[in-house]
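Going line by line, the protein sequences match chains A and B.
Each residue of the first sequence is one higher than the last, beginning at 1 in the numbering used here.
Each residue of the second sequence is one higher than the last, beginning at 1 in the numbering used here.
Where hints are given, some of them may not hold.
[Stated by the list, open to error] Once the Cα atoms are required to be at most 20 Å apart in a straight line, the calculated DMTMM-like pairs of lysine to aspartate or glutamate come out as:
| hint | chain 1 | residue 1 | chain 2 | residue 2 |
| --- | --- | --- | --- | --- |
| 1 | A | 39 | B | 141 |
| 2 | B | 235 | A | 62 |
| 3 | B | 112 | A | 148 |
| 4 | A | 39 | B | 142 |
| 5 | A | 301 | A | 130 |
[What the hints assert, rightly or not] Partial chain A-side listing against chain B, Cβ under 8 Å, derived:
| hint | residue |
| --- | --- |
| 6 | 62 |
| 7 | 67 |
| 8 | 70 |
| 9 | 78 |
| 10 | 79 |
| 11 | 86 |
| 12 | 107 |
| 13 | 112 |
| 14 | 113 |
The hints are simulated quantities; they were obtained by calculation from the structure and are not laboratory data.
Every value quoted in this text rests on a predicted model; they were computed, and no experiment measured them.
Glycine residues also receive a C-beta, built at the ideal position from the N, C-alpha and C atoms.
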Amino acid sequence: MGSREEKSAVESQSFAGQAVATRDAYGAALAELGKRNEKIVVLDADLSGSTKTAKFAKAFPDRFFNMGISEQDMMGTAGGLSLTGKIPFASTFAIFETGRAWEQIRQTICYSHLNVKLVATHAGITVGEDGASHQALEDVSLMRVLPEMVVVVPSDGFETKQVIDTVADYEGPVYVRLGRAKVPAVMPADYKFRIGKAYKFHIGRDVNIIANGIMVSAALQAREMLSKDGIDAGVVNMSTVKPLDAETLLEAAKGSKLIVTAEEHSIIGGLGGAVAEFLSEYHPIPVKRIGTRDTFGGSGKPDDLLKLYGLTAEDIVKTVTEFMRK
Amino acid sequence: MATVTQPRDIEFLKEQARTVRIEILKMLTQAGSGHTGGSLSAADIVTALYFYKMRHRPDDPKWPQRDRFILSKGHAAPLLYTVLALTGYFDKSLLGTLRRTGSPLQGHPSSKMLQGIEVSTGSLGQGLSIANGMALGLRLDDSPARVYCLLGDGEIQEGQVWEAAMTAGHYALDNLCAIVDLNSLQIDGRCEDVMKIDPVAEKWKAFNWHIFEIDGHNMEEIVNTLDEAEKIKGKPSVILAKTIKGKGVSIFEGKVEYHGLAPTKEELEIALKELGGNGK
Chain A
1 MGSREEKSAV ESQSFAGQAV ATRDAYGAAL AELGKRNEKI VVLDADLSGS TKTAKFAKAF
61 PDRFFNMGIS EQDMMGTAGG LSLTGKIPFA STFAIFETGR AWEQIRQTIC YSHLNVKLVA
121 THAGITVGED GASHQALEDV SLMRVLPEMV VVVPSDGFET KQVIDTVADY EGPVYVRLGR
181 AKVPAVMPAD YKFRIGKAYK FHIGRDVNII ANGIMVSAAL QAREMLSKDG IDAGVVNMST
241 VKPLDAETLL EAAKGSKLIV TAEEHSIIGG LGGAVAEFLS EYHPIPVKRI GTRDTFGGSG
301 KPDDLLKLYG LTAEDIVKTV TEFMRK
Chain B
1 MATVTQPRDI EFLKEQARTV RIEILKMLTQ AGSGHTGGSL SAADIVTALY FYKMRHRPDD
61 PKWPQRDRFI LSKGHAAPLL YTVLALTGYF DKSLLGTLRR TGSPLQGHPS SKMLQGIEVS
121 TGSLGQGLSI ANGMALGLRL DDSPARVYCL LGDGEIQEGQ VWEAAMTAGH YALDNLCAIV
181 DLNSLQIDGR CEDVMKIDPV AEKWKAFNWH IFEIDGHNME EIVNTLDEAE KIKGKPSVIL
241 AKTIKGKGVS IFEGKVEYHG LAPTKEELEI ALKELGGNGK
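Extracted from the complex, chain A is given alone in its bound form:
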């Protein structure tokens, strides 16, 4: 049926080793998934060009529903579709997805344990020029507090592709947090994503950095920089924030003096919150959280904003060395 372009649009791409925006990997993964699985349906709230669900819409127009600018209705509609056996992916920008429609997600999707995949793009400060109104720094907290919800923050395009494939096969609500800007590839070619399983790049003797999303890349840079000062820093990609990989977290905490969390999100309630909650109860050791600190974002170039809000490798290094000096 489709033209040559449409067919090539749904060809398999793994994104291994490729620098790509996670939203682009999502768009490609979704279109490919739609070809494999007729139960996949996609909903968007007038942002399909930006969230990249437009690729699916073009290939499978009958299974794509543009809901207009009405996120609350989108969540209920996605829930209803799931109740007829479909596997709905509902997408918009992260703040509208999780903030505007939070109670619909709670009441309709989580309370009934509906099989809806909430995949939001434009999370975090790297949204850039659009500024604070469009930069979700609270979305992980908002989703993590909901019973039944799984929360995943992939680090690169390769991981995103696997996350999308995996959550399509998982029965129940999932929130996947994606970004706007191109990000470097960080995960090795033999990496296999599993819900609730963190990836250990290295477990350090001095400090372990628990990161996700774009901050995995910053953590890996920080590890290099710290090693020059003789500090053995480990890096763990905790892409699933809920459920936390308790085993890996304990392993990282037990062998080191300090845990640092790093996320492109508020330190309140996100990955840093989750790790601090867990460790204070099961293995109390010092925890330092890298993230935005009880503040809104602002307009600017993504790289400038990362510096301004303290979300760089240098910020991680500074936090670690200051602790070590004490």
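Given the coordinates of chain A, work out where chain B should sit on it, guided by the hints.
Relative to chain A, chain B alone:
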């Protein structure tokens, strides 16, 4: 697996509605709390759906071809529980556990706890969106099944209802029938005093719905309208049913305080006398 028998027998349906009211009042009295007024106002409509119009199989609640019912005004849970019990989804004795700790009959319907409930509701304004999603999904599958969604008139003050109204009109969901229980009262008083929503019919019409305006206590009119709604093609239907809150019992009728108040034992006795039965 038996699909519920559906005689077009108005006298039978009236008698069922009377039994439904009796059971609602008994369970509410036993529970000591719950929503009396809105359960009674919608009793005739929901009786007509479950005992006449809807194709469903109480012994096979997940039958794929079943018609779906979404109680968007989830606080009328006692009404839904009663018709589910009386049509055989579960044993009638369970009705006595309403609102008790651990009971599948939660204060507002929970689909995870009770079979026959399509989806959990209770937070107002969310049901029509869910019904739309079901209607879209069923249409994708070329299913003959229809979706019914019951809303309250206070409930349609919620903005999401109008997002959903827009969606159903846009996608021309003619396998969907919404019913608004226009009992004119909400917790804080008369709807027109709390937040005026009139004119209601024009609003639905403007979102490309086919409108029916009926007496929500006239069983023949309810049944005829449900039949007519099924014939409307190319747009969703909404039945605007004028009702009386607390209908069937004079001491509850039109009394706003019985929105969220259960009858006392003495009130139950009066009610049972008026309804002319001991609810055997």
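Now for the hints, and whether the structure bears them out:
no. : hint             : result
1   : 39/A with 141/B  : 10 Å, holds
2   : 235/B with 62/A  : 18 Å, holds
3   : 112/B with 148/A : 12 Å, holds
4   : 39/A with 142/B  : 14 Å, holds
5   : 301/A with 130/A : 10 Å, holds
6   : 62               : 7 Å, holds
7   : 67               : 6 Å, holds
8   : 70               : 4 Å, holds
9   : 78               : 6 Å, holds
10  : 79               : 5 Å, holds
11  : 86               : 5 Å, holds
12  : 107              : 4 Å, holds
13  : 112              : 4 Å, holds
14  : 113              : 6 Å, holds
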